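**Student:** The lines below spell out each chain.
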Amino acid sequence: MPADHLSATFAALADPTRRAILARLVQGEVSVNELAEPFEMTLPAVSKHLKVLEAAGLIARGRDAQRRPCRIEAAPLKDAVEWLERYRKLWEERLDGLGVYLREIQRKEKKHVRRRKK
Amino acid sequence: MSAAAKSDLDLVVTREFEAPVDLVWEAWTRPEHLVHWWKPKGFHKGRIESLDVRPGGKWRIYMPFDSGKGGCTAYGIYREVVARERLSWDDFCDDENGNFFHKAFVTVSFEDLGGRTRVTLRARLDPPAKRDAKWTLPLMEEGWTEGWKDNLEELVHHLSATHKEMQ
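Residue numbers (the working numbering), protein chains in the order written: chain Z, 50 to 167; chain L, 117 to 283.
Everything labelled a hint here was simulated from the structure, so no lab data went into it.
Predicted model, so just to flag it, every value in this text is computed and none were measured.
There may be inaccurate statements among the hints.
[Stated by the list, open to error] Computed footprint of chain Z on chain L, listed as stretches where at least three residues anywhere in the stretch have a Cβ under 8 Å from a Cβ of chain Z:
(1) 132 to 143
(2) 173 to 187
(3) 227 to 241
For every residue, glycine included, the Cβ atom is placed at its ideal position computed from N, Cα and C.
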């Protein structure tokens, strides 16, 4: 997994408009015109964002010259999410281990105390 | 710390343990305890190379893979050490071949609940940058579903939050 690939994903996601565009695309393929509407942006401004998203591999554009429909590309986003989830899991597993360990040593301690009392 | 760093966009994990805060604190700060639980799944019991628990002190733990082939090293520097209250450190992980797995800043808070202890872990991840040529995505388990799409908005916010904090 090349680092460039992921850093491009994070850079593209740093902008709130681009995140909103992605959130819109989750619902399905749309044209540039349709995308521009809710954002109150000019078409060139939207196109600029789309270029960044496309370069990061987060979206793909259709061939229809008139509409140039956009759709979301799952793979890079999935990689970024997996990277974060992996780290969360590492901590979940460590803390599970800590819980087990704390139970164990307290049980041992109790046994030890009982034995001494006898 | 910036306002964003304290937001719920950080990775936050909270647990309550049936153990007094003194013991839980020791479990995080004494090598004879830490060595037993520090390893995540897929790893053997680690080898603690250093654990200098004071601000600016270094820590370094080698974690061998269960498979017996190689392992990776977790290491960093302690930043804040407030006994039985708070511990923070830089958190890095790499392997023998110089592959990077993560960079993060971790803060753990301990809360005395009278015989029980609440532990809250916050981590701010540092996304890989172009300079990290050897940065690698650890192997993923099978079974990743398409379900993530349902939470896309949340996810993209989550992802970009870690990015913004770096800038």
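**Student:** Evaluate each hint against the coordinates.
**Tutor:** Okay, the hints, checked on the actual structure:
1. Coverage of the region 132 to 143 of chain L by chain Z holds [criterion: at least 3 residues with CB-CB distance below 8 Å; count 6].
2. Remark: the region 173 to 187 of chain L is not confirmed as covered by chain Z, as 0 of its residues place a Cβ nearer than 8 Å to a Cβ of that chain, below the required three.
3. Residue count for the region 227 to 241 of chain L with a Cβ under 8 Å from a Cβ of chain Z: 4. That meets the three needed, and the coverage hint holds.
Of the hints listed earlier, the one the structure fails to meet is number 2.
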